[in-house]
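Colleague: Per the numbering used here, the very first residue in the sequence shown carries number 75; after that it's consecutive.
Quick caveat, the hints were computed from the structure, so don't treat them as lab data.
Please note that a few of the clues may not be correct.
DEER-style ranges, computed between Cβ atoms [to be verified]:
no., residue 1, residue 2, range
1, G318, G166, 22 to 28 Å
2, A263, R106, 30 to 36 Å
3, T438, L282, 54 to 60 Å
Beta carbons are placed, not taken as given, at the ideal position from N, Cα and C, and that holds for glycine.
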Amino acid sequence: MFRAFLRLGVTSFGGPVAHLGFFRDDLVARRRWVDERTYGELVALGQFLPGPASSQVGFALGLGRAGSRGALAAWVAFTLPSALLMVAFAYGAAAVQTTVGAGVVTGLKVVAVAVVAHAVQGMARTLTPDARRASIAVAAALLVLLVPGPVAQVSAIVLGALAGLLWCRSDDASPPPSLGITVSRRTGALALALFTGLLVALPLAAGLTGSRLLDVADGVYRAGALVFGGGHVVLPLLQAEAVGGGWVSAEQFLAGYGAAQALPGPLFAFAAYLGALALPGAAGLLGALVALVAVFLPGFLVLVGVLPFWAAVRTRPAAQSGLRGANAAVVGVLAAALYDPVFVTAVTDGATFGLALLCFVLLTAWRTPPWGVVLVGAAGGVLLGVL
């Protein structure tokens, strides 16, 4: 589990939507750890719950395959590369921007286009096999494109589930495959209680003690608990806490955000950069660790809290119909994200479009592993930058 997710943590560029594409290519299509329906269900849950969607999906996959140790291994391995690089950047170890560096970033953005397109293609084949579910996917995509923001994404999945209840009852009523995740209701209830308790206790503790470390933990935990939609959505909340709280300057915040765009793995690892700068000297390492745990913890607690109760209702016919609609909506949400921000950010001219097509063909026709496509895309971006 650690080895698989460490490779994903090193090669998964492009943000949460692209991460889900990398996960599907490696864990669903190649390793066959879960089937397409189960993966789509986990993606829907991750999109619906607060927290980093791609990391929640990875955490759930680790939990289902290897228990709590597997979940911890999946999170640590996927997050470690970007977190270490962000801490290094905080201590001044970032490389100076060059033409080569800018070209690599361009190429990695293009790779994200190919990966997300491949994921949408594969998920659409399984999760939207008929006209009704294809229509739900299109409607979800239109909603997200016309009403940008995380609220639209959650609304699209909820409306997709409602449409599934109305439209998809005549589909095959075979029970869904087991999630393979065993979490007791007692554990789920404790996780939800801890999630709520920390929201209340951390600001009180920070206010009573005046501790900068607890202040960082409180601000970052609250940002992770209140965000829907993952990486980029958490940044305004983190900016309010970090810049408004005096941890970093506005210039330091923007410099770290720019560096985070070029790194693989979850954008939530940006919190490690803020924690490292919030405390002076070597204490910044502790600040980075606390901030990193605090930003991910609420999303994982909510996920663990919801899973046992979801498992109790997911096999009912009505829930299955709703799931079909929700999974179809997930395809639409991913398709919308493929256009904006992935495509419009990465493809700026004919040359980058051609590189995106090359990467897509490598993934689909030549079945090149994602890490190989990353290397090709990075090299292509450097070549385009030089030319």
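Colleague: Find the hints from earlier in the document that the structure breaks and name them by number, from lowest to highest.
Modeller: Checked against the structure, no hint fails, so every one of them is satisfied.
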